[in-house]
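Participant: Each chain, letter by letter, is given below.
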Amino acid sequence: MIRAVPSLHFHRVSRVFSGNVRAVSDVSFSVPAGTLTAVIGPSGCGKTTLLRIAAGLDHATDGSVAFVQSADRMGASESFSAADLSHRFLGRGSVSVCFQDARLLPWRTVFDNVALPLELSGVARSERIERADAVIAAAGLRDARERLPAQLSGGMRMRVALARTLVTRPEVLLLDEPCSSVDEFTRMQLDHEIRRVWQVSGATTLLVTHSVSEAVWLADQIVVMSAGAVQEIRPVSLPIGLRDRASAAFLLEVEMVMRSLAVAAGVTTG
Amino acid sequence: MKPSSFKFLTRIFEPLLAVVAILLFWQIAVVVSGVEAYLLPAPSAILHTMWDARDRLMSATIRTGAAATIGFLIAATIGILAGSVIAAIPFLRRSLYPLATILQMVPLIAVAPLLVIWIGFGLPTAIAAAAIVALFPVIAATIDGQVSVDPGLRELFALHGASSWTRWRKLDFPASLPAIATGLRIAAGLAVIGAIVGEFVSGYGGDDAPLGIVIMSAMRESRTDLVFAAVGLSAVVGFALFGAVSCLAWLLVRRWHASAVNSVESRV
Chain A
1 MIRAVPSLHF
11 HRVSRVFSGN
21 VRAVSDVSFS
31 VPAGTLTAVI
41 GPSGCGKTTL
51 LRIAAGLDHA
61 TDGSVAFVQS
71 ADRMGASESF
81 SAADLSHRFL
91 GRGSVSVCFQ
101 DARLLPWRTV
111 FDNVALPLEL
121 SGVARSERIE
131 RADAVIAAAG
141 LRDARERLPA
151 QLSGGMRMRV
161 ALARTLVTRP
171 EVLLLDEPCS
181 SVDEFTRMQL
191 DHEIRRVWQV
201 SGATTLLVTH
211 SVSEAVWLAD
221 QIVVMSAGAV
231 QEIRPVSLPI
241 GLRDRASAAF
251 LLEVEMVMRS
261 LAVAAGVTTG
Chain B
271 MKPSSFKFLT
281 RIFEPLLAVV
291 AILLFWQIAV
301 VVSGVEAYLL
311 PAPSAILHTM
321 WDARDRLMSA
331 TIRTGAAATI
341 GFLIAATIGI
351 LAGSVIAAIP
361 FLRRSLYPLA
371 TILQMVPLIA
381 VAPLLVIWIG
391 FGLPTAIAAA
401 AIVALFPVIA
411 ATIDGQVSVD
421 PGLRELFALH
431 GASSWTRWRK
441 LDFPASLPAI
451 ATGLRIAAGL
461 AVIGAIVGEF
471 VSGYGGDDAP
481 LGIVIMSAMR
491 ESRTDLVFAA
501 VGLSAVVGFA
511 LFGAVSCLAW
521 LLVRRWHASA
531 VNSVESRV
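As given, the protein sequences belong to chains A and B, one line each in that order.
Using this note's numbering, the first residue of the first sequence is number 1, and each one after it goes up by one.
Using this note's numbering, the first residue of the second sequence is number 271, and each one after it goes up by one.
Chain A extracted, bound-state conformation (with noise of 0.2 angstroms):
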């Protein structure tokens, strides 16, 4: 991808709900610009949390999340807190997010829920068309454009979200277990779907997940998550083109991931 697209920065996130429930507690990592980040953790690690501070949804009690433009391209690096974050970014429809739950309006067909971020940022009409059809047929729905969400199975119905973070032709991706509500094997063809949207789009992307197989094949890192903390960084060395779920390489880093999350669990691995 030529285009330049931000990284995304934690730095020392706390998130504290009311009745101080720490939800987040001093989470810093970074998502290099272009890769992808996965984000994983037992139900309840905060993981959720931030990605919805990332997207602007909710705000961090203490530390800042910041996009940084890199600065080759811009002469000088641009930073800006989660705080600009609706003026500067989202107004520019350069971050998109996806919910695990498909959040996809029941009235509209899928050609008309693909386009309705562009709607929403007054795109004209013929430009709609021509970009919702575009990524339609990129995800290959489109026998399904003028389905209604009813009409479609849970699978389907992620991919028409997935779709539709693309339409924006976003810089950053936030990925909020897109996977979760959706049978194993629906999960592995979705992945494949999720790494094509990221390879599309060259987003920055940062993807919350609790399924260890699904970290490693689509993630550049891995971030495990416990209780609110970072427990471990570590990337992921196999090639995206090598990630054989059935290879011994791959299984051996899922069993290395797992062993994170027994430790994080204070349980050990059989």
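Among these hints, one or two may not hold up.
[What the hints assert, rightly or not] Straight-line C-alpha distance at most 20 angstroms; calculated DMTMM-like pairs for lysine to aspartate or glutamate:
| no. | chain 1 | residue 1 | chain 2 | residue 2 |
| --- | --- | --- | --- | --- |
| 1 | B | LYS440 | A | ASP112 |
| 2 | B | LYS440 | B | GLU425 |
| 3 | B | LYS440 | A | GLU193 |
| 4 | B | LYS440 | B | ASP477 |
| 5 | B | LYS440 | B | ASP420 |
| 6 | B | LYS440 | A | GLU146 |
What the hints contain is simulated information worked out from the structure, not anything from laboratory work.
Dock chain B against chain A, hints included.
Facilitator: Same frame as chain A, now just chain B:
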């Protein structure tokens, strides 16, 4: 014949069968017991009266139907607008939403005599009475529908920087249509009751008397058959209005809402 249209026919046929059975039982009971006609006329006698007084009853039905329909339309328009405004403004929502729910339970029809004082005798009072009783279910349903829009979808709109007007047009209003449809169906039935009671207190006799007045004057003349005929026709008015609103509601949400979608073979 497609299975769905066959199902539709049986759905109509079975209640119809029940009605015929009840009328038959009624007819036989009256004939066998020899009860006086001024206490309980036989269905055949009521049908006979309907035919004899057809001109008067037809014009009465049209007048009452018009009052109920106009009152309903006023209630629907004001109710949806007011409900949307109340739902959209937090202060109004906190202060007026409980009120709209409580006012539904007040027998507003008791204010009908007040309407005579303010508006006078005749059709406008019947319309006002119909509108007043039909209004609050619409307001309550509209607010209900709009405050219970999926917060996840609201977040989606917030992410894309949608203005509140845009969000209302593209999310809140369409999402609340099923709730509004339910409110409108309740309002349709109430509008007919409101119109008749409005006529009770404000109507006057003559050739163009509405059903409410036909019922009152028939009562005074002990024409029980005519009372039954007029009551039957007001039920027809209520059924027609309810049916029209239900059809409209179904057309609006049939493509996507569970209440309609589940009955069609659209799940793949």
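Participant: Does each hint hold? Answer for all of them.
Facilitator: Okay, the hints, checked on the actual structure:
For the given pair, LYS440/B sits about 11 angstroms from ASP112/A by alpha-carbon distance, which is consistent with the 20 angstroms threshold. Straight-line distance between C-alpha atoms of LYS440/B and GLU425/B comes to about 13 angstroms, which keeps the hinted pair within the 20 angstroms bound. Taken as a hint, the LYS440/B and GLU193/A pair is broken in the structure, with Cα atoms around 28 angstroms apart against an allowance of 20 angstroms. A distance of roughly 50 angstroms separates the Cα atoms of LYS440/B and ASP477/B; the hinted pair therefore is violated under the 20 angstroms criterion.
A C-alpha spacing of about 13 angstroms is found between LYS440/B and ASP420/B, which places the hinted pair at or below 20 angstroms, so the restraint holds. Between LYS440/B and GLU146/A, the direct Cα distance comes to roughly 18 angstroms. Compliance with the 20 angstroms bound is thereby established for this hinted pair.
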